[in-house]
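Student: Residue strings, one per chain:
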Amino acid sequence: MKHSFRFYLQLAFTLLVCAFLIVPIVLSMLAGVTENFFVGWSSGFTLRWVMQVWDTYQQTIWRSIAIALACLAVTTAAGVPLAYMLARHRGGNSRLARVIEELLMMPVAVPGLATALALIMAYGQYREFRGSLLFILIGHVLFTLPFMVRPVLAVMQSSQLSVLEEAAASLGAGLGQRFFGIVIPNVFSGILAGALMVVTLSIGEFNITWMLHTPLTMTLPVGLADSYASMRLEVGSAYTLIFFLMIIPLLIAMQWVTHATRSRVRL
Amino acid sequence: MKRSSQKRRTPAGRHVYLLFAAPGVTLFLAFWLLPMLRLVEVGASGPSGAAAYLAVLTNRHYFTSLMLTLLLSAAVTLATLMISSLVGLFLQRNRFAGKAVLLAMLTFPLAFPGVVVGFMVIMLAGRQGLIGAVTNWLFGDAWVFAYSLGGLFLGYLYFSIPRVILTVMAAAEKLDPALEEAARSLGANPLRVFADIVLPALAPALVSSGAICFATSVGAFGTAFTLATNIDVLPMAIYNEFTSYANFSMAAALSIVLGATTWLVLALARSWSGNAAGAAA
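Protein sequence lines, in the order shown, are assigned to chains A and B.
Residues 1 to 267, numbered by this note's numbering, are exactly what the first sequence covers, in order.
Residues 1001 to 1281, numbered by this note's numbering, are exactly what the second sequence covers, in order.
FYI, nobody ran anything at the bench for these hints, they're computed from the structure.
All of these numbers come straight from a predicted model, not from anything done at the bench.
Ideal placement from N, C-alpha and C gives every residue a C-beta, glycine not left out.
Any given hint might turn out to be false.
If you anchor each label on the Cβ, the simulated ranges turn out as follows [said to hold, decoys possible]: (1) B:1082 <-> A:51: 38 to 46 Å; (2) B:1048 <-> A:41: 52 to 60 Å; (3) B:1048 <-> A:166: 56 to 64 Å; (4) B:1176 <-> A:8: 53 to 61 Å.
Sample of chain B residues with no beta-carbon within 10 Å of chain A, all distances over it, derived [to be verified]: (5) 1049; (6) 1087; (7) 1113; (8) 1147; (9) 1180; (10) 1181.
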């Protein structure tokens, strides 16, 4: 055998750590379709709990998808031009650009609870606004914007793009023409990577959303917390199962995109 | 001063690029920076004024909860770095069947919200959890620790490990195998090679990902919210202050302290390791 004893020891440890991460996922997915989890799988499998979740929490799922898509629209519309400025202002080497980049990361670095409290203190008195989905959308946009800007910026900074732009400029293309005709089509892989990240994070965002939500603007993760606190373990599991079914394809797509483009984009 | 000409072609001048940043920057200023300033102001508006910011040091309750949060996060960070270095190095250096699938699954927890991580811990160590079932079968005594400090530790470990594994793997990719080869040929044992060659090379990556892991744990709210019925970590203290006691100024002051702490840790780590750091949980 070509592997040493040390190899197997390390392999065993690695597998143990992987089991720690993966077994609970499998367990909760199974619990969601088990008739009675306390009795065990011998009690049989059922879709009853999934149906119950669908009846109780269906609205939160649609709401989360709507917010995620709106969040994607806003972060794309604001983030892609912003990345362009960061890449090009003063030839891509300006202090202002670095300050902006640094500031943008703040809502990610600082706990969501603080961001949420700040939003409530500043805008909470506008009742209509406070009670609307827009309030939550803003929290999500703040949190996900850097995840759109960074991959797009990384692609923009690749030398190939600046050469293409230079060529276009020498042929007389204006700024707008260059941005829409050259930059956007060429940074598509970055936008795609950012988009998958934004949607995934928005669907799963809890820390900010929990503080911002009202009973009428409950999102999927808020519903999850609600079901964990008040429902049977099977119902919580079934709801988690639905969450996994939504989020895991996104994660696999994300890995596939980063592999396929090989653009050295680190998220 | 001579400038490269293609950047200044447009008649609008060199500030034209700022226009592109306008929507994003406006959003940020209006909905993050301005509210944050307001939060700072509210924090100083309570009965004790600006002294509220010192309450985390002077008030026993808040001080204990701050210390608990910092100690727990430090312990999690240390454990995560050790576990993830071992696993990350192993995964980077060995090929075996199913590795790609394993790696893909390892990254899933990265995108799970804190509440789901909390639920995963309940699945493992809760009243009907796996660990309880196994220990009951082995020793006739079910270990249930999901709702205690141990459960919180497990939860923070759960969302920290994947993040650090990925960073270690990326850093290990750049390690020069010739250096280790040379050390080995000179008679260094594996431990010596690890301590003198591998660890220093990985240090910047470990510092930056460790800082993210620490900051994320300090600010993690969802996991604590799902698990902790009676563990008073700082985010829970803030939440209780805000919702149960409607003590807005204290909640504001504490969240500013919490935010400043995490930001400081990340900034320090970055200036040390020269790496861009971003956290998400």
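Student: Confirm or reject: residue 1180 of chain B is not an interface residue toward chain A, with every Cβ-Cβ distance exceeding 10 Å.
Tutor: holds (14 Å)
Student: That 53 to 61 Å hint for residue 1176 of chain B and residue 8 of chain A (C-beta), does it hold up?
Tutor: Since the Cβ atoms of residue 1176 of chain B and residue 8 of chain A sit about 26 Å apart, the hinted range of 53 to 61 Å is violated.
Student: Can we trust that residue 1181 of chain B is non-interface, i.e. its beta-carbon lies farther than 10 Å from all of chain A?
Tutor: Holds: least Cβ distance 16 Å, greater than 10 Å.
Student: Can we trust that residue 1113 of chain B is non-interface, i.e. its beta-carbon lies farther than 10 Å from all of chain A?
Tutor: Nearest chain A Cβ is 4 Å from residue 1113 of chain B, so the label is violated.
Student: Can you let me know if the beta-carbon spacing of residue 1048 of chain B and residue 41 of chain A is within 52 to 60 Å?
Tutor: holds (57 Å)
Student: May I ask you to check that residue 1049 of chain B keeps its beta-carbon over 10 Å from the closest beta-carbon of chain A?
Tutor: Non-interface label on residue 1049 of chain B holds, nearest chain A Cβ at 17 Å vs cutoff 10 Å.
Student: Tell me if the beta carbons of residue 1082 of chain B and residue 51 of chain A are separated by a distance inside 38 to 46 Å.
Tutor: Between residue 1082 of chain B and residue 51 of chain A, where Cβ atoms are some 44 Å apart, the hint holds.
Student: Is the Cβ of residue 1147 of chain B more than 10 Å away from each Cβ in chain A?
Tutor: holds (12 Å)
Student: Taking 10 Å as the cut and beta carbons as the points, is residue 1087 of chain B off the interface with chain A?
Tutor: violated (5 Å)
Student: Taking 56 to 64 Å as the hint, is the beta-carbon distance of residue 1048 of chain B and residue 166 of chain A inside that range?
Tutor: Roughly 60 Å apart at Cβ, these two residues keep to the hinted range, so it holds.
Violation of the numbered hints given earlier is confined to hints 4, 6 and 7; the remaining hints are satisfied by the structure.
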